[in-house]
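There are 2 protein chains.
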Amino acid sequence: MTDKQILLLPGPTPVPPRVALAMARPAINHRGPEFSELLHTVTQGLKRVFKTNNDVVILTASGTGGMEAAVANLLSPGDKALVVTVGVFGERFVKIAQRFGVETEVLAFPYGQAADPAAVAERLARDKAGEIKAILVQHNETSTGVLNDIEAISKARGDHPALLVVDTISGLAAADLRVDEWGIDVAIAGSQKAFMVPPGLTMLSLSDRAWQAVEKCKNHRYYLDLKDARNYGLKGQTPHTPAVSLLYGLKEALAMLEEETLEKSFRRHACLRDMVRAGIKALGLEPLADDRVASPSVTAVKVPAGLKPADITVPLREKHGVVVAGGQGQVKDRVFRIGHLGYVNHMDVLSGLAALEEVLASLGVISVSGIGVAKALEVYQKFNA
Amino acid sequence: MTDKQILLLPGPTPVPPRVALAMARPAINHRGPEFSELLHTVTQGLKRVFKTNNDVVILTASGTGGMEAAVANLLSPGDKALVVTVGVFGERFVKIAQRFGVETEVLAFPYGQAADPAAVAERLARDKAGEIKAILVQHNETSTGVLNDIEAISKARGDHPALLVVDTISGLAAADLRVDEWGIDVAIAGSQKAFMVPPGLTMLSLSDRAWQAVEKCKNHRYYLDLKDARNYGLKGQTPHTPAVSLLYGLKEALAMLEEETLEKSFRRHACLRDMVRAGIKALGLEPLADDRVASPSVTAVKVPAGLKPADITVPLREKHGVVVAGGQGQVKDRVFRIGHLGYVNHMDVLSGLAALEEVLASLGVISVSGIGVAKALEVYQKFNA
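The listed protein sequences derive, respectively, from chains G and Y. According to my numbering, the stretch in the first sequence is residues 154 to 538, in order. According to my numbering, the stretch in the second sequence is residues 154 to 538, in order.
The following block holds chain G by itself, in its conformation from the complex (with noise of 0.2 Å):
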């Protein structure tokens, strides 16, 4: 009875019913007021989560669509871009500045460390004819489990005209990020991660200095194209034919998530990646990051010697229902990915952690105790005490 799944996935993340159930609604017409009373509840609520009074725009795509949309209408053919790396996703903005004729320096950081604020300063510092028209960089990195301090990032930018933008698709709503307090031009969510929709849509931020530079941008854009967005949203529309299904699902995910608060989502996630970072250690595994850059959407663990990721992820589907990711880029085959992310609560990280266990036990690597779980039992307790 495998067909019965647990997700533990960094994305798509399980969806909870009452969202499955919103997205059945009967179809309506994306240029009648119906749906213009949708696209304003939504736009109103992702501000919340935002943290924002930027203009928000959504757009049917993943969220490499909108890692897209942010470099053809922000950087022209030409321009400069300080491209801040620690894992794929970070590369993967250098791959799409660099097909749009982006000129990129990359600021790489090993994987399973954070971008270091200092050496972005540093590089900023000796940019003094302000060539560097904007920094590209992820608040969580999905392929290495690391969470970017993009405060400091901010503030190591300091008064360097450079536009931030922030990668944000896996990390908001599971931890904080507050894009106007901390001056981000431009952020990039999408629908399948902590707001709990299945994929198709990304949604961004653009602060008043994005949109400046968008006017000046000359790159190719037409479908992703964020000023048609803007203008076709100040008339309640979107300019082409929008995923409407996916959009009541977001309206209805927004819904659970203001229900829940958004300090208690953070707080929610936060306590399932202590408690499988607690689990694996105990199980004798080893997380690719540190724990002080931990990321709270998912985390890398090491495959132990001898092993490939699919020695654990293949039984762990087949036997138990339990599905995680694969490694990706550099650490394709020396890690495996437990996703904590969205709708995932503490029981799906308990049962998760002992199909681990017994996993670990049949390849000979450990004996079957129970440590794992309690060990991240003990992290729940600390947690709700």
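Hints listed in this document are in silico derivations from the structure and should not be mistaken for laboratory results. Where hints are given, some of them may not hold.
The list that follows gives simulated cross-link-like pairs (lysine-lysine, DSSO-like), each with its CA atoms no further than 27 Å apart [stated by the list, open to error]:
hint, chain 1, residue 1, chain 2, residue 2
1, Y, K233, Y, K281
2, G, K404, Y, K157
3, Y, K248, G, K380
4, Y, K472, Y, K485
5, Y, K455, G, K371
6, G, K371, Y, K233
7, G, K369, G, K233
8, G, K434, G, K388
9, Y, K380, G, K485
10, Y, K248, G, K371
11, G, K248, Y, K371
12, Y, K380, Y, K200
13, Y, K371, G, K380
14, Y, K388, G, K485
15, Y, K388, G, K404
16, Y, K434, Y, K472
17, Y, K308, Y, K369
18, Y, K388, G, K157
19, G, K388, Y, K157
20, G, K281, G, K369
21, G, K388, G, K369
22, Y, K528, Y, K461
23, G, K434, G, K535
24, Y, K455, G, K388
25, G, K233, Y, K371
26, Y, K200, Y, K388
27, G, K369, Y, K371
28, Y, K248, G, K369
29, Y, K388, G, K472
30, Y, K434, Y, K404
Let chain G serve as the given structure and place chain Y on it in line with the hints.
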């Protein structure tokens, strides 16, 4: 009780309950074996609808994203395209091509008329140097309710090397399209039309000649990169997180189309078209398009002198829950549009015509006699004799 709506839109169409249920399936890992099977099944089903052995790729975007993908992957800046326009979506092809640096030559036909294949043949005959790299044209023009004769346009191409790129977003599965038999290099479809699925997916078929053009194309693209889509497709994946819930819906909708059969779907849409046209003519209204080129998906209806489209569309929705579309482009203020596309049957059309008769009577244009419904029923009987 006008929240009980009858959607007579040229997309999004009503979603069948079994499609809505399919979309509520639990989330899965889009990098796992369940997804590979889903993608394979859907892709094979799409090939049967496209009537092609060419590759078919699926992108998470609405139809306009598919149109952009065709332009950005086939045509480099400076390349020349012949854009055959008969309405708003033809003009959209012009805009997209221009935004991506493509030199456009527009062969425009008046709103309400179909493209003349002889004019296409004449223009290509003059292009001795083979400067025209692609012909961009709509199969079904949603803004005017006109069906172009793609088979004749393909024949008009003759031996000219231009690629034939066909937007069949609102045509496919409602009207016959034979990608292989007619030599269509790229066909672009969308989920929210005759496929009866909410918006958010666009599907493209590409011929070998189209792939050769993709290899040489220097235009900017990343999220909508078709070669990436093909390469990931070979391993049962998509390059970026796909709209999985919509793919589940599409799988179910394809099963419904196979049960109905494509031929019967074409016949159903033709019957609905003829019912609508007989009904509105009996009510003293005139379709924008001539019978010979009339679309099986949507009918643009001229608004009686002295009235605006909203005079008809607003009371239809507010009094009767019948949702039709306004005008677009050059005929924005002169037509409204009755969709008869997707999950729509003769009963929807009959009640829609009854509501239209009531609204026209309330406006003092006619008096109620039942003639619209009567004439539509005669057509229904003829089709089902």
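Here's how the hints hold up against the structure:
A hinted pair counts as satisfied when its Cα atoms are at most 27 Å apart, and Y:K233 with Y:K281 qualifies at roughly 14 Å. Using a Cα cut-off of 27 Å, the hinted pair G:K404 and Y:K157 holds, with the two alpha carbons roughly 21 Å apart. Distance hint between Y:K248 and G:K380 is fulfilled; the C-alpha atoms sit about 15 Å from each other, no more than 27 Å. A threshold of 27 Å between alpha carbons decides the hint, and for Y:K472 with Y:K485 the separation of about 23 Å falls inside it, so the pair holds.
The hinted pair formed by Y:K455 and G:K371 fails the criterion: a straight-line CA distance of about 40 Å is larger than 27 Å. Pair hint G:K371 plus Y:K233 holds up; C-alpha atoms about 20 Å apart against a cutoff of 27 Å. Taking the CA atoms of G:K369 and G:K233, the gap is near 15 Å; set against the 27 Å cutoff, the hint holds. For the given pair, G:K434 sits about 53 Å from G:K388 by alpha-carbon distance, which is inconsistent with the 27 Å threshold.
For the hint linking Y:K380 to G:K485, the alpha-carbon distance of about 23 Å falls within 27 Å, and the restraint holds. Taking the CA atoms of Y:K248 and G:K371, the gap is near 15 Å; set against the 27 Å cutoff, the hint holds. A distance of roughly 15 Å separates the Cα atoms of G:K248 and Y:K371; the hinted pair therefore holds under the 27 Å criterion. Distance restraint check for Y:K380 and Y:K200: the Cα-Cα separation of roughly 18 Å lies within the 27 Å cut-off, and the hinted pair is therefore satisfied.
Among the hinted pairs, Y:K371 with G:K380 is consistent with the structure: their alpha-carbon atoms are about 25 Å apart, no more than 27 Å. Distance hint between Y:K388 and G:K485 is fulfilled; the C-alpha atoms sit about 16 Å from each other, no more than 27 Å. A distance of roughly 34 Å separates the Cα atoms of Y:K388 and G:K404; the hinted pair therefore is violated under the 27 Å criterion. A distance of roughly 22 Å separates the Cα atoms of Y:K434 and Y:K472; the hinted pair therefore holds under the 27 Å criterion.
The hinted pair formed by Y:K308 and Y:K369 meets the criterion: a straight-line CA distance of about 26 Å does not exceed 27 Å. Straight-line distance between C-alpha atoms of Y:K388 and G:K157 comes to about 25 Å, which keeps the hinted pair within the 27 Å bound. Distance restraint check for G:K388 and Y:K157: the Cα-Cα separation of roughly 25 Å lies within the 27 Å cut-off, and the hinted pair is therefore satisfied. Only pairs whose Cα atoms come within 27 Å are accepted, and G:K281 paired with G:K369 is accepted, the gap being roughly 22 Å.
For the hint linking G:K388 to G:K369, the alpha-carbon distance of about 24 Å falls within 27 Å, and the restraint holds. Between the alpha carbons of Y:K528 and Y:K461 the distance comes to roughly 25 Å, so the proposed pair stays at or under 27 Å and holds. Proposed proximity of G:K434 and G:K535 is supported: the alpha carbons are some 17 Å apart, at most 27 Å. As the CA atoms of Y:K455 and G:K388 are separated by approximately 25 Å, the hinted pair is consistent with the 27 Å bound.
Simply put, G:K233 and Y:K371 have alpha-carbon atoms about 20 Å apart, close enough for the 27 Å limit, and the pair holds. For a cut-off of 27 Å, the pair hint linking Y:K200 to Y:K388 stands: about 18 Å separates their Cα positions. About 23 Å separates the Cα atoms of G:K369 and Y:K371, which keeps this hinted pair within 27 Å; it holds. Distance check on the hinted pair: Y:K248 and G:K369 sit about 19 Å apart at the alpha-carbon level, within 27 Å; holds.
Our distance criterion of 27 Å between C-alpha atoms is met by Y:K388 and G:K472, whose separation comes to about 24 Å. Between Y:K434 and Y:K404 the CA atoms are separated by roughly 38 Å; this puts the pair beyond 27 Å, and the hint is violated.
Taken one by one, the earlier hints fail for this structure at numbers 5, 8, 15 and 30, listed in ascending order.
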